[in-house]
Amino acid sequence: MTTPPKSNGPIIAVDGLSVGFRSRAGAWLPVLRDITLSVGAGESIGLVGESGSGKSTLALAMMGYLKTGLHVLGGRVDFSGIDMFAQDRQSLEKVRGGRLALIPQNSGQSLAPNLRVGAQIGEALRLHSALPEARHAARVLDLLTQVRLPDPASIARRYPHELSGGQQQRVAIAMALAGEPEALLLDEPTTGLDVTTQAHILELLRDLARETGMAMVYVSHDLGAIARVCDRVAVMYAGEVVLEGTAAQILRDPSHPYARGLLASIPKLSDVCLPRALDGRPPPPGGAGDGCAFVARCAIATERCMVERPDLSRIADGAKTRCHLPQQVRSIPLSGERNAQQRQLPAELSLSLGDLAISYARAGLFERLTGRDTAKVATVDGIDIELRQGETLGLVGESGSGKSTILKSIAGLLPPLHGQIALRGQDDLPPRVEDRSAKHLRDVQLIFQNPDESLNPRQTIAQILAQPLKLYFGLSGQALIARTTALLAQVRLGAHYLERLPSQLSGGEKQRVAVARAFAAQPELVLCDEITSALDVSVQAAVLELLDDLRRDNGTSYIFVSHDLAVVKALSDRVAVLYQGRLCEIGPTVDVYGPTAHPYTEVLLGAVLEPDPDFVPSLSASDVVEQSPPARGCPFQRRCPKRLGAICDQTAPPPKTFAAGHTIWCHRDDLAAPQLS
Amino acid sequence: MAVTSTYRRAGPVQRFWSVIKDICSRPSGAIGLALVFSHVALALIGPFIVPYDYTTMNAAQMLSQPSAAHWLGTDHLGRDTLTRTLLGGREAILVTGIATPLAVLWGGLVGVFFGLVGGRVDDVLMRIVDAFLSLPWILKMLVLIVTFGTGIEVLIPTLAFFYGIPVIRIARAATHDVVARDFVQAARARGHGRFTIIWQELLPNVRDALLVEGAMRWSWMLLAFSSLSFLGFGVSPPTPDWGLMIADARGFMSFSPWGVIAPMIGLSSLIIGINLSADALAKALGIDRAQKAPV
Ligand SMILES: Nc1ncnc2c1ncn2[C@@H]1O[C@H](COP(=O)(O)OP(=O)(O)OP(=O)(O)O)[C@@H](O)[C@H]1O
Ligand code: SF4
Ligand code: SF4
Ligand SMILES: [Mg+2]
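Residue numbers (the working numbering), protein chains in the order written: chain A, 1 to 677; chain B, 1 to 295.
These are computed hints drawn from the structure, not numbers from a lab. Heads up, a few of these hints could be off.
[Stated by the list, open to error] Label-pair distances were calculated between CB atoms; the ranges are:
#1 A:Pro-284 with B:Pro-136: 28 to 38 Å
#2 A:Arg-304 with B:Arg-207: 50 to 60 Å
#3 B:Ser-18 with A:Pro-333: 31 to 41 Å
#4 A:Gly-280 with B:Arg-127: 55 to 65 Å
#5 A:Trp-28 with B:Arg-207: 35 to 45 Å
Note that the structure is predicted; figures quoted are calculated from it, not measured. Cβ coordinates follow ideal geometry from the N, Cα and C atoms, glycine included.
With the rest of the complex left out, here is chain A:
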């Protein structure tokens, strides 16, 4: 392998880079403004910011790549002394994928489906490595070992669909390492992965950076992930770097109002409050005006901020900030103040689930003819949950644990195998939505994860909100308009949104419309399926505040499904932990997050990342994803780090009650989770 000329300078140097596109009116609108940033060998730098802040554009520009329509308006990018925007395509292609590798979002899922994993890595070696062909097979195994995949020889022979999401992501990383890159660019590499899987991948990246001395650029909206892998952090806002410094400087006590707002909007396990929402939206490209780009959302803005654009300048603690008032920023709080828990709840029941079991496996024609039952294990089984009026129950568990499945059954979209679903203690809900009365339908409302999918793109906001109002209350004319406007006001949107289409709203606004549509029915119970996971943290905080307000005003009960334990903690009165469709633990939030916990809860809590560079997750179980629950015994037996032995495999663990209403299904008697510091 030819070693590149060693220079003492940075590996990647971005100097005064501006990138933009031409508007229909002919003006140049900047997407990146005057970015200066350098990454040295062995250094890992994190780029954070809300969606649309330009972080991915910057990462791609470091490869000399711009999406169609974008042009360099000024400045340059150098990689090991090569001017990336002055190269022809061929020499760029040589560098990319080899000395400079990119791991894009969902790269695990974009592996070629019809090629064995070993062959795909071999192809990467052929393209980007100088190794002789004969040594490739051995190198493939090395690489798979390097990304900590167990039994590399067998993994190399498998097809991507035979691997779990985390394993696929590891293979993608192995492919990027094939050319022994000097720098690795990662764009949201763990988004969409489970908490446990994400924590494992991050540990791997952290180790790789230390072992290989690669430079790393890590793009993410997740400050917890950044805290784990990066030495330095650059915070981006509206196409500018507004704050740059060491991870500790940026994540502990940042000196820019935007970074503080961002930090305050993240729900943390160590907090007891709802996160604080950062109101407003970033300006669109070209809309930043002459002053500070953040001025419209800044709590301490002055006259000067409106007219004079601040420079990125070094301050006392060594960080660089783009703010006129770095001395005053400390007055902006770093956490929320609103306490969502400890409310007095009435004793009346809202929803009760009695021994609910749900299966996707439908009996085939043969079984139906012969009357034989398939001995399939149900996807979800033995769910007994009671929910009081006005209560919020958090439902957590990894992907595939059956959270959405339970919600669909309650909503009547998926009839259960057996078990009862009752409202207000005695009012049994028919299993199929088609058989439910208008009152039943009104009482239970469902909000989906992705508002792009759950709002009809061909209907205006007015039409969307009118549907439940017409259906349940027969409203029309003036009354209908008045009510729709009132609903929008409830979710803090003005009446001018009524005539817009969903595509003309931001992600957070769309989700508010979805919330408003559910509340239009004046429901007893609202089922929230990961409703904040498609949103930026600052927007997520606003939606959480909104849900809290609405339950105060309307006395609504929620079932709040999420894979994010910190979010669930912020909002829920009680929490249920689910593994492979079986309850592991249920109880008041303080108890479930307290010292006594089910081994699975412990694993989940250990994998949560806090936006703190000194925080070390404790990874006690593997991140293997199981496809189906075991036929008998404890559902968690195959991954449990505290397994007792045969009893766990043979006998279903009995429920044990600890504090009032805190139940754990486990054979062990000594259950204690690590204390949260």
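Fit chain B with the ligands to the supplied structure of chain A, relying on the hints for placement.
Quick look at chain B with the ligands alone, frame taken from chain A:
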């Protein structure tokens, strides 16, 4: 910061014009739409502007070269080629202009219906459609036309029938896509009736795919119609028609090429125009045509 607060919802008429505007803002779309528009206009006013009567024969001037009197020369019966070319698309546009919407309508309805029913019925129907599509179209059509005759009253339903079958596929696939989306599930969970869900949630989202599909079907159908004429199963003489003209003039190609070239330009400019417009329409409606199956 409020970015823009002046979005107005477009009514159907405004939406139509905004789509047209979008098409015209793309060079290829503008050219395509201009071609289609001129052909349709020509079909309407052609008879009033052509220099000669299309049936007038002139034994003294058979197969003459282009001249001041006959810009594109004359055919083997001494008729003016320019006149016949200008009028040669009327029949084709009339027949396909009626048959295309019929094809999209019936194919669309059947496709949406089976897409909704799903299950075994749907599987069986799709097998039949596939088997049908695997036969060469011209054979199937010839069988029908030979059986029933070649008038417009036979051609329109025949073309509409055959060209509706691939539309079933498209409509069914689009229906499957939409039905799987959360907003349909949300409507089900709210308890809306089946009819409301189809009408309010499904059809508006399937409609655009069908519009684009219809535009594409039109150009295929034109080609089919001209091929039938060429084979002698379409328009009957002396009515001028591009396919027929090409068939007649083909033998004299070596010394009187305009007899073939002129109708070919007529036919291909219309087909290219339709294709360009369909592409621009797909882009304007936000549908990626590259993903559509080329059936
Ligand atoms: N339509 C379906 N047909 C068959 N199996 C399904 C179907 N939908 C989900 N499953 C399976 O049911 C189990 C539970 O799925 P569910 O979607 O409820 O999980 P979840 O906890 O909501 O996961 P996520 O966090 O990824 O949303 C999984 O094993 C999944 O593969
Ligand atoms: S320059 Fe002014 S508006 Fe901008 S972040 Fe600093 S204080 Fe806020
Ligand atoms: S029952 Fe056994 S396997 Fe299951 S969680 Fe408890 S210790 Fe682990
Ligand atoms: Mg889910």
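Evaluation of the provided hints:
no.	hint	in the structure
1	A:Pro-284 with B:Pro-136: 28 to 38 Å	54 Å, violated
2	A:Arg-304 with B:Arg-207: 50 to 60 Å	54 Å, holds
3	B:Ser-18 with A:Pro-333: 31 to 41 Å	46 Å, violated
4	A:Gly-280 with B:Arg-127: 55 to 65 Å	56 Å, holds
5	A:Trp-28 with B:Arg-207: 35 to 45 Å	38 Å, holds
Against the hints set out earlier in the document, violations occur for numbers 1, 3.
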